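Listed below, chain by chain, are the residues.
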Amino acid sequence: MGDRLLEARGITRRYGRVEALAPIDLGIDRGERIALTGPNGAGKTTLLTMLAGVGAPDAGVITWTGESAGAVGWVPQKPALYPRLTVRENLRLFAGLEGTDDAGATAEGLIARADLGEFADRRAGALSTGTLQRLNLAIALAGSPALLLLDEPTGTLSPDQRVRLWAWMDDLVTTDRMALVFSTQSMDEAARNADRVLVLAGGRLLHDGPAGDMDEAAFMQLVGDPA
Amino acid sequence: MRALRSGALLFRKDLRVLVRSRGLLAVLIGYPIVIAILLAIALSGGDRRPGVAFVNLDAASGRTVQVGDERLSVDDYATRLEDDVDLVRLDPAQAEEALAAGRVSAVLTVPRGFIADLQSGLKPPVLQLATNPRSPIEAQAIERNLESAVFRLNQALATAYVTQVLNLVDLIQDGGTVGIFGRSGTLLGLNESSTELARVQAQLRRDGRGALANRLGPLRDYISGVGENLELAKPAAQAIASPIKLEISEGAPGREPLSALGIAGALVVGIGLVGVLLAAALLSSEREDHVLSRLGRGLAGPGTIIAQKAVLAALACAVVGFVLLGVVALSTSVSVGRWLLWLPALLLAGLASGAFGLLIGALARETRTALLAGLMIALPLAVISLIPGNDIAYWASALAGFGPAARTFQGLLVDPEVTSSTYSGMGILAVVALVYGVAARVALGRRMHA
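Sequence lines, in order, name chains A and B. Residues 70 to 296 in my numbering are what the first sequence lists, from first letter to last. Residues 621 to 1070 in my numbering are what the second sequence lists, from first letter to last.
Simulated from the structure, these hints should not be mistaken for lab results. What you are looking at is a predicted structure, and each value in this text was computed from that prediction instead of being measured. Errors might be hidden in some of the hints.
Listed next, the in silico DMTMM-like pairs over lysine to aspartate or glutamate satisfying Cα-Cα at most 25 Å (straight line) [unchecked claim]:
no.	chain 1	residue 1	chain 2	residue 2
1	A	LYS147	B	GLU986
2	A	LYS147	A	ASP229
3	A	LYS147	B	GLU908
4	A	LYS147	A	GLU258
5	A	LYS147	B	ASP841
6	A	LYS147	A	ASP190
7	B	LYS854	B	ASP841
8	A	LYS147	A	ASP239
9	B	LYS854	B	GLU908
If the Cβ cut is set under 8 Å, some of the chain B residues that face chain A in the computed set are [what the hints assert, rightly or not]:
no.	residue
10	VAL637
11	VAL911
12	ASP1011
We treat Cβ as the ideally placed atom computed from N, Cα and C, and that holds for glycine.
Take these sequences, add in the hints, and give me the full structure.
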């Protein structure tokens, strides 16, 4: 820890009259795993899209440090890919769009790493949910990111698929020193797979601390009982 | 450079997706082509017989005109016109009411003195045709049909007049029986007159009156000269009777001529629907596949996506346009020609309709909505763009580029020389493409970064 990758200061975002994000300060280190949790409409996805560069904040700055500035892998909640293209074609296309020198070689490397070999020439639209999510994640890795942002990556997965996914994430963090920020509705998943937990509610950052400090009881106390 | 590369990659991806989506391709390209061909056939309407009210204001005169062996009345004239249109005999008030109510497409009036003018030959008789401004396509067809009918009738009358004149020339030359003011008599004729004079001259010489016989010489010369000149007048009169001959031959089976309006209509509807539907579907499917947020992270900006899809739509439109023109060139006698000018015209029309479709695609939430909206907006605009001579229809359809496209296509098909209006039509198409392209880019940018 301590190898700072990104520093966000005073990030805000409004959608009309709704304040989706109040000013938020956040630092992310290399190899760090951060869980972003909170009730529905808390601003988790908005914060992730701001960090991913998909949306621009109304105010505040995001500062990258080091050579990997802006190298973000974005894994939206719904698989963002072309169902009529094969697994290989999707990976080649996004590797090309990321500007890699050899899109074909990058695609083959990702196929091997995501264990998609037997599905490589199958159309993405014909894949099972778990395989599709692996492809969704592999596409995000096409640009060799330093920071991987995942929006509820396990929401539609079965328990065995979740286990496989988190094993892969662990490998990315330990082998590539990639930083992970993922949103989740499960405190259990956050505690098990993150080093640090952020709790958002109503666009405000209510908690930023080690994963061990946050459990369901503490979470409920923090955000209150919506009923 | 990066934008160009991203655009090329997405272009190739779109082509691949289209090739694999045969059902979608059939809808996006097959449907507009079928509609275009049906519209072309409907608009060409060669066998259509429009209803025309016939008002005879010269009926009370009861006059007839003798032309050759025929005696013509106004009714005879009308009967001949019925080969081309369905005439409904009405009085002026009824005709006016029928035209206003749309029961007839035009009113053909024979004014008072029509037969008298025809008989006198001092001034040409005039038929009056009033068409319904609310049915300009029908009006155009009627004008075409009646012009052709009047032309044929005039030719028949001219031939009859000349035959009559030639009979008179023969009578003057050869003599014969002639009827004037109810009396009939025998005309000697120039040839017989000359023979008679020769006999008289010979008799005078035999009688020793040579001087008197010689005085008849110039008279014989004059008669001979007149006869020769009348002989020369015969072919000239025959040439006047048929100043222009139109040779009509039937083409090979299956070859039916299409009007320029029909072809232009087919092109506008075909290209308009292909451009709008294809572009709208391509862009909205990016959203439906949830990739916009991924692309918007700097992989491909909204401008790149819009430009790439507009180019693809324009190329598809050009291909469809050339296919339709090829069908016209191979299956009809219409000369398409000007292939080099057709290329920019079809590309610009495709760009304009494509950009319009991209705006729809950028605003719609899903592909089905985009296609439905595209069809509902594009089809009526494409159809009203074909109404000739109506500025409101032109500018309304120009909203999607269809009006300028229709005029440009018609210009390329029928104008003997390419006029400035053809080029200005292309200019308007470029402006329409630019305006909708920018609007679509703004709308897509908001979607990507929302």
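Taking the hints in turn, this is what the structure says about them:
Distance restraint check for LYS147 of chain A and GLU986 of chain B: the Cα-Cα separation of roughly 15 Å lies within the 25 Å cut-off, and the hinted pair is therefore satisfied. For the given pair, LYS147 of chain A sits about 19 Å from ASP229 of chain A by alpha-carbon distance, which is consistent with the 25 Å threshold. Straight-line distance between C-alpha atoms of LYS147 of chain A and GLU908 of chain B comes to about 10 Å, which keeps the hinted pair within the 25 Å bound. About 19 Å separates the Cα atoms of LYS147 of chain A and GLU258 of chain A, which keeps this hinted pair within 25 Å; it holds.
At roughly 111 Å between alpha-carbon atoms, LYS147 of chain A and ASP841 of chain B are farther apart than 25 Å, so this suggested pair is violated. With a C-alpha separation of about 22 Å, the suggested pairing of LYS147 of chain A with ASP190 of chain A holds against the 25 Å cut-off. This hinted pair checks out: LYS854 of chain B and ASP841 of chain B have alpha carbons roughly 21 Å apart, not beyond 25 Å. Proximity of LYS147 of chain A to ASP239 of chain A is assessed by CA-CA distance (about 22 Å); at most 25 Å being required, the pair is judged to hold.
Of the supplied pair hints, the one linking LYS854 of chain B and GLU908 of chain B is violated, its CA atoms being roughly 82 Å apart against a limit of 25 Å. For VAL637 of chain B, the suggested interface contact is upheld, since its CB lies about 5 Å from the closest CB of chain A, less than 8 Å. The restraint placing VAL911 of chain B at the interface with chain A holds, with a minimum CB-CB distance near 5 Å, inside the 8 Å limit. For the restraint placing ASP1011 of chain B at the interface with chain A, the shortest Cβ-Cβ distance is roughly 41 Å, beyond the 8 Å limit, so the hint is violated.
Checked against the numbered hints listed earlier, the structure breaks hints 5, 9, 12; every other hint is satisfied.
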